[in-house]
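I would like the entire structure built from these sequences, with the hints used as guidance.
Protein sequence lines, in the order shown, are assigned to chains A and B. Be aware that the first sequence starts at 1, since it is given in the working numbering, and climbs by one per residue. Be aware that the second sequence starts at 1001, since it is given in the working numbering, and climbs by one per residue.
No wet-lab data here; the hints were simulated from the structure. It is possible that some hints are incorrect.
List of simulated lysine to aspartate or glutamate pairs, EDC-like, C-alpha gap at most 16 Å [what the hints assert, rightly or not]: (1) K1031/B <-> D1003/B; (2) K36/A <-> E1042/B; (3) K38/A <-> E1107/B; (4) K36/A <-> E1107/B; (5) K69/A <-> E54/A; (6) K27/A <-> E67/A; (7) K27/A <-> E5/A; (8) K51/A <-> E67/A; (9) K68/A <-> E55/A; (10) K38/A <-> D1038/B; (11) K51/A <-> D92/A; (12) K1031/B <-> D92/A; (13) K51/A <-> D66/A; (14) K38/A <-> E1042/B; (15) K1031/B <-> E1056/B; (16) K1018/B <-> E1063/B; (17) K69/A <-> E5/A; (18) K64/A <-> E54/A.
Listed next, with one range per pair, are the computed distances between beta-carbon atoms [unchecked claim]: (19) K1057/B <-> G40/A: 23 to 31 Å; (20) Q71/A <-> T1065/B: 33 to 41 Å; (21) E15/A <-> R1070/B: 45 to 53 Å; (22) P1039/B <-> S82/A: 19 to 27 Å; (23) D1059/B <-> K38/A: 19 to 27 Å; (24) M1027/B <-> Q71/A: 31 to 39 Å.
All C-beta atoms, glycine included, are put in the ideal place defined by N, C-alpha and C.
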Amino acid sequence: SQELEQSPQSLIVQEGKNLTINCTSSKTLYGLYWYKQKYGEGLIFLMMLQKGGEEKSHEKITAKLDEKKQQSSLHITASQPSHAGIYLCGADRSARQLTFGSGTQLTVLP
Amino acid sequence: EADIYQTPRYLVIGTGKKITLECSQTMGHDKMYWYQQDPGMELHLIHYSYGVNSTEKGDLSSESTVSRIRTEHFPLTLESARPSHTSQYLCASSGTSPNTGELFFGEGSRLTVL
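Next up, the structure:
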């Protein structure tokens, strides 16, 4: 069964627009990871969140974990074509085994 | 920059052939993983290893097998490939640092079985 639900499944935005991707778990998250994947390639680690209410930013990407530690959001400000790709959230299961969400395909139109 | 490599990147073979997907990392990581990725983007863990001579099956049942004879090497083998094995296979590794839990991924091997 799917433990992590991502929404939306796909997203098309105009360059310069802000966007948000959500990741929801039915169970408390003890480690939430965001990865980005270019089509046909491996995943690149973006950020990890562990504490309720935690927020991290890197360049124009901000990730948050809610207080209940069951939902995370990834927000991109002023999107660029370089942000295009598949964004996946992952959650710790045990000893660094990650289970992943179904992914969000982001297209940024120039 | 991650030092984890997968070969081949692309492979097209006929049904019944034996194939081995190679995965090597130069970071000295104990933990290594194989994920299978559907066309719909979802990743499923099929094998993992916590060290030499240690291998376990993951969540998704797979007819593939793995071995871990050396720390840096974690090959995946299909004895008799079938069209249902057509997929993207991603290898990953992680170190012992508790700080990030970051997985380092290879670029993937895209397998097509005709």
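We went through each hint and held it up to the structure:
1. Proximity of K1031/B to D1003/B is assessed by CA-CA distance (about 14 Å); at most 16 Å being required, the pair is judged to hold.
2. Between K36/A and E1042/B, the direct Cα distance comes to roughly 13 Å. Compliance with the 16 Å bound is thereby established for this hinted pair.
3. Distance restraint check for K38/A and E1107/B: the Cα-Cα separation of roughly 10 Å lies within the 16 Å cut-off, and the hinted pair is therefore satisfied.
4. Our distance criterion of 16 Å between C-alpha atoms is met by K36/A and E1107/B, whose separation comes to about 12 Å.
5. Under the criterion of a C-alpha separation no larger than 16 Å, the hint pairing K69/A with E54/A is consistent with the structure, at around 9 Å.
6. A C-alpha spacing of about 13 Å is found between K27/A and E67/A, which places the hinted pair at or below 16 Å, so the restraint holds.
7. Pair hint K27/A plus E5/A holds up; C-alpha atoms about 11 Å apart against a cutoff of 16 Å.
8. Between the alpha carbons of K51/A and E67/A the distance comes to roughly 8 Å, so the proposed pair stays at or under 16 Å and holds.
9. For the hint pairing K68/A with E55/A, the CA-to-CA distance comes to about 14 Å; that is within 16 Å, so the pair holds.
10. With a CA separation close to 15 Å, the supplied pair K38/A and D1038/B stays within the 16 Å bound.
11. Proximity of K51/A to D92/A is assessed by CA-CA distance (about 13 Å); at most 16 Å being required, the pair is judged to hold.
12. In summary, the hint linking K1031/B to D92/A is supported, as the alpha carbons are separated by about 14 Å, within the 16 Å threshold.
13. A C-alpha spacing of about 9 Å is found between K51/A and D66/A, which places the hinted pair at or below 16 Å, so the restraint holds.
14. The suggested pairing of K38/A with E1042/B holds, with an alpha-carbon distance near 14 Å, which does not exceed 16 Å.
15. Between the alpha carbons of K1031/B and E1056/B the distance comes to roughly 11 Å, so the proposed pair stays at or under 16 Å and holds.
16. Of the pairs offered as hints, the one joining K1018/B and E1063/B holds, with about 12 Å between alpha carbons and a cut-off of 16 Å not exceeded.
17. Of the supplied pair hints, the one linking K69/A and E5/A holds, its CA atoms being roughly 14 Å apart against a limit of 16 Å.
18. The hinted pair formed by K64/A and E54/A meets the criterion: a straight-line CA distance of about 6 Å does not exceed 16 Å.
19. About 26 Å separates the C-beta atoms of K1057/B and G40/A, a value consistent with the hinted range of 23 to 31 Å.
20. With their beta carbons about 38 Å apart, Q71/A and T1065/B fall inside the hinted range of 33 to 41 Å.
21. Under the hint 45 to 53 Å, the C-beta atoms of E15/A and R1070/B, about 46 Å apart, fit the expected range.
22. Checked against the given bound of 19 to 27 Å, the beta carbons of P1039/B and S82/A, roughly 24 Å apart, stay inside it.
23. Checked against the given bound of 19 to 27 Å, the beta carbons of D1059/B and K38/A, roughly 25 Å apart, stay inside it.
24. In this structure, M1027/B and Q71/A meet the distance hint of 31 to 39 Å, their C-beta atoms being roughly 32 Å apart.
Hint compliance for this structure: every hint is met.
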